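Q: Take these sequences, add in the hints, and give me the full structure.
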Amino acid sequence: MLRDIGASSIDDLFAIIPEEYRVKGDLAIPRQMGESEIVDHFKAAAAKNANGYASFLGAGVYRHYRPVIIDTIVQRGEFLTSYTPYQAEITQGTLQAIFEFQTMICELTGMDIANASMYDGSTAAPEAVMMAMRVTGRDGVVVARTVHPEYREVMHTYAQHREVSSGVAAVEVGYGPDGSPHAGRVDLAALEAAVTDETACVLVQSPNFFGVIEDVAAIAEIAHKKGALLVVAVAEAVSLGIVRPPVEADVVIMEAQSFGVAPSFGGPFCGVIAAKEKYVRQMPGRLVGQTTDKQGRRGFVLTLSTREQHIRREKATSNICTNQALVALMATVFMTVYGKEGIKELALHNLAKADYAAKTLGAHGTLLFGRSPRFNEFVLQTEEAPEWMNARLLEQKIIGGVALKRWYPELGNATLWCATELTTREQIDAAAGWWRRLRRLLWCGRKEISPQRTRRAQRTLEWAQEDRKME
Amino acid sequence: MTAETEKFVGTTRKVTAHLTQNEGLSFEKSAPGKKAYRLAELDVPAVDAASLLGDLAREDTGTLPELSEIEIIRHFTRLSTWNYAIDLGMYPLGSCTMKYNPRVNEFVSRLEGIAEAHPYQPEELSQGSLGILRLLQKCLLEITGMEAITLQPAAGAHGEFTGILLARAYHQAKGNPRKDVIIPDSAHGTNPATAAICGYEVINFKSNARGGIDVEALAAAVNEETAALMLTNPSTIGVFENEIHKIADILHAKGALLYMDGANMNALCGKTRPGDFGVDVMHLNLHKTFSTPHGGGGPGSGPVACKKILEPFLPVPVVEEGKDGMLHLNYDRPQTVGRVRAFYGNFGMFVRALAYILANGPDGLRQTTEDAVLNANYIRKKLEDLYELPYTTPSMHEVVFSDRRQLRNGVRTGDIAKRLIDYGFHPYTVSFPLIVPGALMIEPTESESREELDLFVDAMRQIAREVEENPEVVLEAPHSTRVSRLDETTAARKPVLRWRSRQ
Ligand SMILES: Cc1ncc(COP(=O)(O)O)c(C=O)c1O
Chain X
1 MLRDIGASSI DDLFAIIPEE YRVKGDLAIP RQMGESEIVD HFKAAAAKNA
51 NGYASFLGAG VYRHYRPVII DTIVQRGEFL TSYTPYQAEI TQGTLQAIFE
101 FQTMICELTG MDIANASMYD GSTAAPEAVM MAMRVTGRDG VVVARTVHPE
151 YREVMHTYAQ HREVSSGVAA VEVGYGPDGS PHAGRVDLAA LEAAVTDETA
201 CVLVQSPNFF GVIEDVAAIA EIAHKKGALL VVAVAEAVSL GIVRPPVEAD
251 VVIMEAQSFG VAPSFGGPFC GVIAAKEKYV RQMPGRLVGQ TTDKQGRRGF
301 VLTLSTREQH IRREKATSNI CTNQALVALM ATVFMTVYGK EGIKELALHN
351 LAKADYAAKT LGAHGTLLFG RSPRFNEFVL QTEEAPEWMN ARLLEQKIIG
401 GVALKRWYPE LGNATLWCAT ELTTREQIDA AAGWWRRLRR LLWCGRKEIS
451 PQRTRRAQRT LEWAQEDRKM E
Chain S
472 MTAETEKFVG TTRKVTAHLT QNEGLSFEKS APGKKAYRLA ELDVPAVDAA
522 SLLGDLARED TGTLPELSEI EIIRHFTRLS TWNYAIDLGM YPLGSCTMKY
572 NPRVNEFVSR LEGIAEAHPY QPEELSQGSL GILRLLQKCL LEITGMEAIT
622 LQPAAGAHGE FTGILLARAY HQAKGNPRKD VIIPDSAHGT NPATAAICGY
672 EVINFKSNAR GGIDVEALAA AVNEETAALM LTNPSTIGVF ENEIHKIADI
722 LHAKGALLYM DGANMNALCG KTRPGDFGVD VMHLNLHKTF STPHGGGGPG
772 SGPVACKKIL EPFLPVPVVE EGKDGMLHLN YDRPQTVGRV RAFYGNFGMF
822 VRALAYILAN GPDGLRQTTE DAVLNANYIR KKLEDLYELP YTTPSMHEVV
872 FSDRRQLRNG VRTGDIAKRL IDYGFHPYTV SFPLIVPGAL MIEPTESESR
922 EELDLFVDAM RQIAREVEEN PEVVLEAPHS TRVSRLDETT AARKPVLRWR
972 SRQ
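Chains as they are written, first to last, in our numbering: chain X, 1 to 471; chain S, 472 to 974.
Wrong hints could be hidden among the right ones.
As the list claims (entries may be wrong) - Simulated restraints, written as ranges between beta carbons of each label pair: (1) Gln295/X to Asp656/S: 35 to 43 Å; (2) Asp834/S to Lys43/X: 36 to 44 Å; (3) Ala15/X to Pro783/S: 32 to 40 Å; (4) Ala15/X to Asp795/S: 44 to 52 Å; (5) Ser8/X to Asp834/S: 31 to 39 Å.
Hints are computed from structural coordinates only; laboratory data are not their basis. Note that this is a predicted model, so its numbers are computed, not measured. Built from N, CA and C at the ideal position, the CB exists for glycine as well.
A: Here it is in structure tokens:
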């Protein structure tokens, strides 16, 4: 081939790179491995992660059963190794699947239109906010503190350098304390006070980060009264099977990981933006539309691309190009497998498991925001530090709830627990049993746990474990 | 009636034609009561949604389809047959690096301990995942010659956003975020779109006669308000900026930064390192250079590597090795630009990219680059007599022709692309970069054998002849696909973006 080209050596082809910048020897990376060595390498890594634990983690990433055919389908090379469907005649498979995805997302969220996917739920948040700014010509944002803390962080990252008339890029609104009418939900009075004529949108999440379902209708009224848009985030997509969709919203952003996508240490997931029809020209990302070919046959194409960066460049609605298409396909297959009835039944199982878990675990601690409606997550308050409790539970191969104080210092020792259809009664009972035992051991004085007392408790615990073995 | 005389004569066709070529939408095939799922038996007391949720309970889940499992498998399998894919043949989309996606990568990313890892599980139970992050970071730093890195961005454009935010934070820390980002007219659309989102004014910079940066013009354009130059190297016409060090010097003299769009790293891995030739910050596309599958448009992954001066601003968290030898996530970084994505990025893509790097090693990566460049130059040589080469500068991993000669017969790059489909190839990239009117941007990658390249060359040569002798056949192409050219105008004018039931 070199001869065909008229080059004497491969180095001729790199002659344009100045000599001093050429890599002389080998890069210092691991040597070439055989396939079996690669598999061994990753098996060893996998073994260093949690294996065989009962997990009560949720908080934006959910463990749901993933029907086997999802993987069968996405492993087809025709889907896996295809590019963005710019050449519609030979990518009708991807295009039609995305069209089905867009339709099902609309059906579930109660919106008119949905795009072909965003990177994830967290990045969909600032994209929706920027969309609202373009629609309203305003630049203020009001965000509920019950929105996933990492979604809010991402939103602040996008907003921090924007020049905002009020000087504050985003105002955060708190939630009602335990026992109040809006316990664990957006504080409506505070919201009303925060929304002004400068507000482009109000961003809330439902079910929110505490698992509590927000009063979307009431929030919408407050936002709309001031001419602001309402953006509702859905981080747990399965909730849409049983929770009334946020139809009062103008824009819905969603994380579709729950629809058949592995937790995979946080990604790849599947963000979505859905909206009312009138906002279609301000939508970010790709859209698939139906059309016909020259013979009048139905076909699908990427459309309305004058919104996008490859046409509009610096005036585009977003800089997004590559999205999460294959993951959207996984979600499409998931929604097709469960279908109209299955998604409801699945959501109902989640509701039942979480209700049982909340009651069972809540019997040995305080269930925060207990009277507010919730889906598959709940908050437990304890007098003991969650680090200590969780460390002891780990010894029993149980991963307890996420400690909330990192994001909500006012909640002290509270932890966020999740139960899905995959959580078994046995796991819940075991966790509750240990939880009770641990708390009993620590309850000697109901005061701050001193290091001495902790050590003593630990010793007692060890005895208790011995007891259990004897039983 | 006698059996002998009235023999049944079969037909090779079914009574009704089979639907494979006419697969409807899943909704159209739906029938009430069909199921493809069965949940595990509920082992806790059943609940009543209405009593738990009150008026927040949902009654109707809309028109999701109801199908059986085999119908679903057939539905998607049939749809899949309408796609072209790398697994079917050469996919020479310029700038997209459509290389083979090794299946061992898919296998290891699905290992239980890896796929099931929850991002909030305790650090001591995430050492395997953190180790993967850490090793991939080390490898990418070595490959790029940079000093610090984040894997958080989800794709190339998201990496650009992160990189420009780092530049902004750097300037801000010096008291002035500056106003402008200079972007050559050959750049990908995501570059200007990114600069705008980061609050910068885009200064469009004209490429010179070689398709590169005119160093003198650049020196005149850069000033104290220039935050950065966003440069794709090799450029989108596949040419290495050989005066890159001068470009870097000009920027640095005014305190500006050199951002490199690393979409074309497949031309550089193991041969030269951006960190060595003056780049301050860059992104990589793991879904291009490092073989993670494009999946019909994503997911991708767009790590951002930078020099020490930008390290304090990296998104949180960063992976660090503790004194105890354990890996930790550090969130305590006062100068960070913040998070650009929840959790730690498209982790599943890190696994695949690392598997690719391990499969190659230093010699393999170098060989890959050499083969990619060799293949592009081979195509260039074999086609340059028939297709106009607007820039004769040496090509790296891709070659850009223009349709100027074919235009004389009324045939444009888009038509040639469609005709290529009839020959069994995916088209090259059409009409990009914008500095080449009627561009044909061809990137074969290292994955293609000489036999496949020859077939492609034959097809391109045959099409050139058709353009001369029978342009209609090209203008009407493709002829072999399930649908012919689609009406994009109506699609945009009267958008139908979802299916609706007829009632
Ligand atoms: C040169 C160049 N820059 C940037 C991008 C954007 O990358 P991504 O699609 O991963 O966002 C692309 C990809 O199409 C590209 O080719």
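Q: Does each hint fit the structure? Answer for all of them.
A: Do the hints match the structure? See the list:
1. Gln295/X to Asp656/S: 35 to 43 Å: holds (39 Å)
2. Asp834/S to Lys43/X: 36 to 44 Å: Cβ of Asp834/S to Cβ of Lys43/X: about 25 Å, so the range 36 to 44 Å is violated.
3. Ala15/X to Pro783/S: 32 to 40 Å: holds (39 Å)
4. Ala15/X to Asp795/S: 44 to 52 Å: holds (49 Å)
5. Ser8/X to Asp834/S: 31 to 39 Å: Check failed, 22 Å falls outside 31 to 39 Å.
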